[in-house]
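**Q** Sequence:
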Amino acid sequence: SDVKFTLGYYQREIFDDYISFNISIPLGMQGREKLKIQQSKINKESINESLKSLKQELKITIEDLEKKVKVIKQNYELIDNKMIPLNELLEQSHQIHLSANTMESLSVYESINSKYDLMILSKNEKISYFDALSKLLYFKGQL
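Just so we're aligned: the sequence shown equals residues 1 to 143 in the working numbering.
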């Protein structure tokens, strides 16, 4: 708080000369400063709690993305390394049976369609993998 002191000398023709002085001391008005301090402390605590909440949410998001990346990678590898080769063997078997007239051609076409479905599924898993991986890298701040 600022303390102010003023002094004045007044010289008048008709009246006596006089000196005037003033002292000004600001006073706190009914705890207003304490109220502002308490409001600031409450705002600070609220901001700190929001920050903790956001940190926890970010941690959970990162953990979820790490799990998702792992599962999608496993799915992709399973489809690409196991299911598609098995389907190709099945397709070859169907073609052999078709050439021996022991199977309908419809079964061969179904196995070919199944292979293409697996290839599309494989590509979709790959897209999902890179999508989750890019989000993970973003949230970790590694981009």
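Just so you know, the hints here were simulated from the structure itself, not pulled from any lab data. Do not rely on the hints blindly, as some may be mistaken.
Stated by the list, open to error - Cβ-Cβ distance ranges computed for the label pairs, FRET-style:
{"id": "1", "residue 1": "S134", "residue 2": "I60", "range": "49 to 57 Å"}
{"id": "2", "residue 1": "F15", "residue 2": "Q38", "range": "35 to 43 Å"}
{"id": "3", "residue 1": "E88", "residue 2": "N124", "range": "18 to 26 Å"}
{"id": "4", "residue 1": "S50", "residue 2": "G141", "range": "18 to 26 Å"}
{"id": "5", "residue 1": "E88", "residue 2": "D131", "range": "26 to 34 Å"}
{"id": "6", "residue 1": "S50", "residue 2": "V71", "range": "42 to 50 Å"}
{"id": "7", "residue 1": "E57", "residue 2": "L78", "range": "28 to 36 Å"}
{"id": "8", "residue 1": "S107", "residue 2": "K82", "range": "17 to 25 Å"}
{"id": "9", "residue 1": "L133", "residue 2": "N113", "range": "28 to 36 Å"}
{"id": "10", "residue 1": "N124", "residue 2": "Q38", "range": "39 to 47 Å"}
Don't be surprised by glycine CBs; every beta carbon is placed ideally from N, CA and C.
**Q** Between S134 and I60, does the C-beta distance stay in 49 to 57 Å?
**A** violated (18 Å)
**Q** Quick check: does the Cβ-Cβ distance between N124 and Q38 fall within 39 to 47 Å?
**A** violated (56 Å)
**Q** Is 28 to 36 Å right for how far apart the beta carbons of E57 and L78 are?
**A** Between E57 and L78, where Cβ atoms are some 32 Å apart, the hint holds.
**Q** Do F15 and Q38 keep their Cβ atoms within the hinted range of 35 to 43 Å?
**A** At 53 Å between Cβs, range violated.
**Q** Using the C-beta atoms of S50 and G141, is the stated range 18 to 26 Å upheld?
**A** holds (20 Å)
**Q** Can you tell me whether the CB distance of L133 to N113 sits inside 28 to 36 Å?
**A** For L133 and N113 the Cβ distance comes to about 30 Å; the hint holds.
**Q** Starting from the range 18 to 26 Å, see whether the pair E88 and N124 falls in it by beta-carbon distance.
**A** holds (19 Å)
**Q** Range hint 42 to 50 Å: satisfied by the CB atoms of S50 and V71?
**A** Since the Cβ atoms of S50 and V71 sit about 32 Å apart, the hinted range of 42 to 50 Å is violated.
**Q** If I claimed the Cβ atoms of E88 and D131 lie 26 to 34 Å apart, would that claim hold in this structure?
**A** holds (28 Å)
**Q** Quick check: does the Cβ-Cβ distance between S107 and K82 fall within 17 to 25 Å?
**A** Given a distance of about 21 Å, which is inside 17 to 25 Å, the answer is holds.
Checked against the numbered hints given earlier, this structure breaks hints 1, 2, 6, 10; the rest are met.
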